[in-house]
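Peer 1: Protein chains in written order, with numbering that gives the first Met the number 0: chain F, 0 to 36; chain Y, 0 to 385; chain A, 0 to 98.
Worth double-checking, as some hints may not be accurate.
As the list claims (entries may be wrong) - In silico DMTMM-like pairs for lysine to aspartate or glutamate, Cα to Cα no more than 20 angstroms straight-line:
# : chain 1 : residue 1 : chain 2 : residue 2
1 : Y       : K160      : Y       : D224
2 : A       : K91       : F       : E21
3 : A       : K91       : F       : E26
4 : Y       : K64       : A       : D30
5 : Y       : K92       : A       : E93
6 : Y       : K160      : F       : D30
7 : Y       : K64       : F       : D30
8 : Y       : K91       : A       : D30
9 : Y       : K92       : A       : E31
Unchecked claim - Where chain F lies over chain A, by a calculated footprint (3+ residues, C-beta under 8 angstroms):
#  : segment
10 : 37–50
11 : 85–97
Quick caveat, the hints were computed from the structure, so don't treat them as lab data. Computed from a prediction, not measured in an experiment: that's the story for all the values here. The C-beta atom is built at its ideal place from N, Cα and C for all residues, glycine as well.
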Amino acid sequence: MLLSEDQEVQDTEALSEDEVDELLVEEVSIDGMCGVY
Amino acid sequence: MPTDGMPLRERFTQGLDAPICLTWELTYACNLACVHCLSSSGRRDPMELTAAEARHIVDELADMKVFYVNIGGGEPMLRPDFFDLVGYAVDKKVGVKFSTNGTRLTAERARRLAKMDYVDVQVSIDGALASTNDSVRGEGSFAAARTAMDNLAAADFGQFKISVVVTRENVTQLDQFSAIAESYGAQLRLTRFRPSGRGVETWERLHPTAEQQRMLYHWLLERPDVLTGDSFFHLSALGAPLDGLNLCGAGRVVCLIDPVGDVYACPFVIDKEFLAGNVRGDGGFAAVWRQSDLFRSLREPQSAGACASCGSYDACQGGCMAAKFFTGLPLDGPDPECVFGHGEDALAARDAAAHPGAAVGHSKVDRHGTPIPVPTPVRFRTRALA
Amino acid sequence: MSVTDERVEAPAADFDPDRAWRVHPQVALRDESFGALAYHYGTRRLLFLKSRALVDLVSALDRFENATAAIEALVPEGERAQYTRALARLAKSEVIDAH
Numbered sequence: 000m001l002l003s004e005d006q007e008v009q010d011t012e013a014l015s016e017d018e019v020d021e022l023l024v025e026e027v028s029i030d031g032m033c034g035v036y
Numbered sequence: 000m001p002t003d004g005m006p007l008r009e010r011f012t013q014g015l016d017a018p019i020c021l022t023w024e025l026t027y028a029c030n031l032a033c034v035h036c037l038s039s040s041g042r043r044d045p046m047e048l049t050a051a052e053a054r055h056i057v058d059e060l061a062d063m064k065v066f067y068v069n070i071g072g073g074e075p076m077l078r079p080d081f082f083d084l085v086g087y088a089v090d091k092k093v094g095v096k097f098s099t100n101g102t103r104l105t106a107e108r109a110r111r112l113a114k115m116d117y118v119d120v121q122v123s124i125d126g127a128l129a130s131t132n133d134s135v136r137g138e139g140s141f142a143a144a145r146t147a148m149d150n151l152a153a154a155d156f157g158q159f160k161i162s163v164v165v166t167r168e169n170v171t172q173l174d175q176f177s178a179i180a181e182s183y184g185a186q187l188r189l190t191r192f193r194p195s196g197r198g199v200e201t202w203e204r205l206h207p208t209a210e211q212q213r214m215l216y217h218w219l220l221e222r223p224d225v226l227t228g229d230s231f232f233h234l235s236a237l238g239a240p241l242d243g244l245n246l247c248g249a250g251r252v253v254c255l256i257d258p259v260g261d262v263y264a265c266p267f268v269i270d271k272e273f274l275a276g277n278v279r280g281d282g283g284f285a286a287v288w289r290q291s292d293l294f295r296s297l298r299e300p301q302s303a304g305a306c307a308s309c310g311s312y313d314a315c316q317g318g319c320m321a322a323k324f325f326t327g328l329p330l331d332g333p334d335p336e337c338v339f340g341h342g343e344d345a346l347a348a349r350d351a352a353a354h355p356g357a358a359v360g361h362s363k364v365d366r367h368g369t370p371i372p373v374p375t376p377v378r379f380r381t382r383a384l385a
Numbered sequence: 000m001s002v003t004d005e006r007v008e009a010p011a012a013d014f015d016p017d018r019a020w021r022v023h024p025q026v027a028l029r030d031e032s033f034g035a036l037a038y039h040y041g042t043r044r045l046l047f048l049k050s051r052a053l054v055d056l057v058s059a060l061d062r063f064e065n066a067t068a069a070i071e072a073l074v075p076e077g078e079r080a081q082y083t084r085a086l087a088r089l090a091k092s093e094v095i096d097a098h
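Take these sequences, add in the hints, and give me the full structure.
Peer 2: Written out as structure tokens, the structure is:
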């Protein structure tokens, strides 16, 4: 997930909701591999 | 920190406890003779896994908690135990996604599939018009595939997929493929043509040009609803990454179980170089997945080799192992379709003897033993045969 | 996505931690070295739970009266906000559902 511009200037101590969530939960688009199926 | 912070993509390259997109080719038998067939299918292998052996594999997959299996071939619906096996898998909570040419997907079978829990169907075409499609898949194959799609729609099967291998000849028909999919409420899948199986012979004349690949990349970026199964990750070096893991999952996230139980790193490398073992050995499939030498070595960090100095290596990871192997290129170097043209340079420089020849595999052969590459006419079977 | 201050953040609107939650009946969890994979057989979506602690929390949810109780029992105080958000994320993807 791309970080928004806002997040680059925020206080480094307070992680954004996205960043914290990415540490624990991640969805990956993996409808197939190598494209066969 | 709840985790050690390793990016997920990197974790995947180290391998998983069980595969995710496992492919299982049920049979080498096929009633078509597509010119690009990745598995050189046509003739059933006499040592094909028995129905009992196939069920045993399903038992193993269930024990390993494999979520679903991608079934193909050859033409999987030619297996006499096709429905028994699919039902068996689904009952054990192993989902089934299968790929078919549609010639055996009668109205009655479509209705039968519609009643089953967790079965996903994919019908293959390689042209939006019969002429384009049939030049690759054989006279009558387009009509047969469309009939199968009509049967699925009439049976209220729900959403199915239409799968297309992108070639020089059909890459101009992308919008039309989209329209066909939309007309059925189906999902469109585009997949990369690799020089594997019978593709060794046809790749040079049929693989999309560099210009066409750039066009395809931009088309895909605008259509996130089109599935690619991570097939075009080599194009991610062109800019924003395409959806997916953008890495080669062979031996790490995926592998192939072939009709005689051989386990290969992926469906595009059916060659002894990438053979990890056989499910008929002690320890079955689980032992091969977890302990084979080949898969262990694939799960080590791979060398970027000649690509190390390229700023885009992280995006494309050097591309597809199969594409390199079957064009005689070194695995630690550029993909033959490297978007910056480094692959073309490498192809020009390679030793012609390094190019693996086309193996007959299970292709149908004429009376001289020569593979029949030309697609043969096919008719849609409205009546199931024994 | 706007910047949020962790201290005053509210849970996602559709996640009520005072309800009883459980792993969705159509979801299979498979342990991996780094946590677990969660696959939803209905939506065909695959998610990664990237810490063992989260996996343990999710697996234990149905043993507690509600999610708040589970979090208080299993998650150190300083991490409760982020684990609550993780549960909200899982609820949004239907990996867990209220029952």
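Peer 1: Given the hinted pair K160/Y and D30/F, is their Cα-Cα distance within 20 angstroms?
Peer 2: holds, 11 angstroms
Peer 1: Is K160/Y close enough to D224/Y, meaning Cα to Cα at most 20 angstroms?
Peer 2: This hinted pair holds, its Cα atoms lying about 12 angstroms apart.
Peer 1: Has the segment 85–97 of chain A got at least three residues whose CB is nearer than 8 angstroms to a CB belonging to chain F?
Peer 2: Satisfied; 4 residues make the cut.
Peer 1: Is the Cα-Cα distance between K91/Y and D30/A 20 angstroms or less?
Peer 2: Satisfied, since the Cα-Cα distance of roughly 19 angstroms is no more than 20 angstroms.
Peer 1: Between the alpha carbons of K91/A and E21/F, is the straight-line distance 20 angstroms or under?
Peer 2: holds, 14 angstroms
Peer 1: Does E93/A lie within 20 angstroms of K92/Y when you go C-alpha to C-alpha?
Peer 2: holds, 19 angstroms
Peer 1: What's the verdict on K92/Y and E31/A, does the C-alpha distance respect the 20 angstroms limit or exceed it?
Peer 2: With a Cα-Cα distance of about 19 angstroms, the restraint between K92/Y and E31/A holds, given a limit of 20 angstroms.
Peer 1: Is the Cα-Cα distance between K64/Y and D30/F 20 angstroms or less?
Peer 2: Roughly 18 angstroms between the alpha carbons, so the hint for K64/Y and D30/F holds.
Peer 1: Closer than 8 angstroms, Cβ to Cβ, for at least three residues: run that test on the segment 37–50 of chain A against chain F and report holds or violated.
Peer 2: holds (count 8)
Peer 1: Keeping to a limit of 20 angstroms between CA atoms, is the pair of K91/A and E26/F held or broken?
Peer 2: Holds. K91/A to E26/F sits at ~12 angstroms (cutoff 20 angstroms).
Peer 1: Given the proposed pairing of K64/Y with D30/A, does the C-alpha separation stay at or below 20 angstroms?
Peer 2: holds, 9 angstroms
The structure meets every hint from the earlier list without exception.
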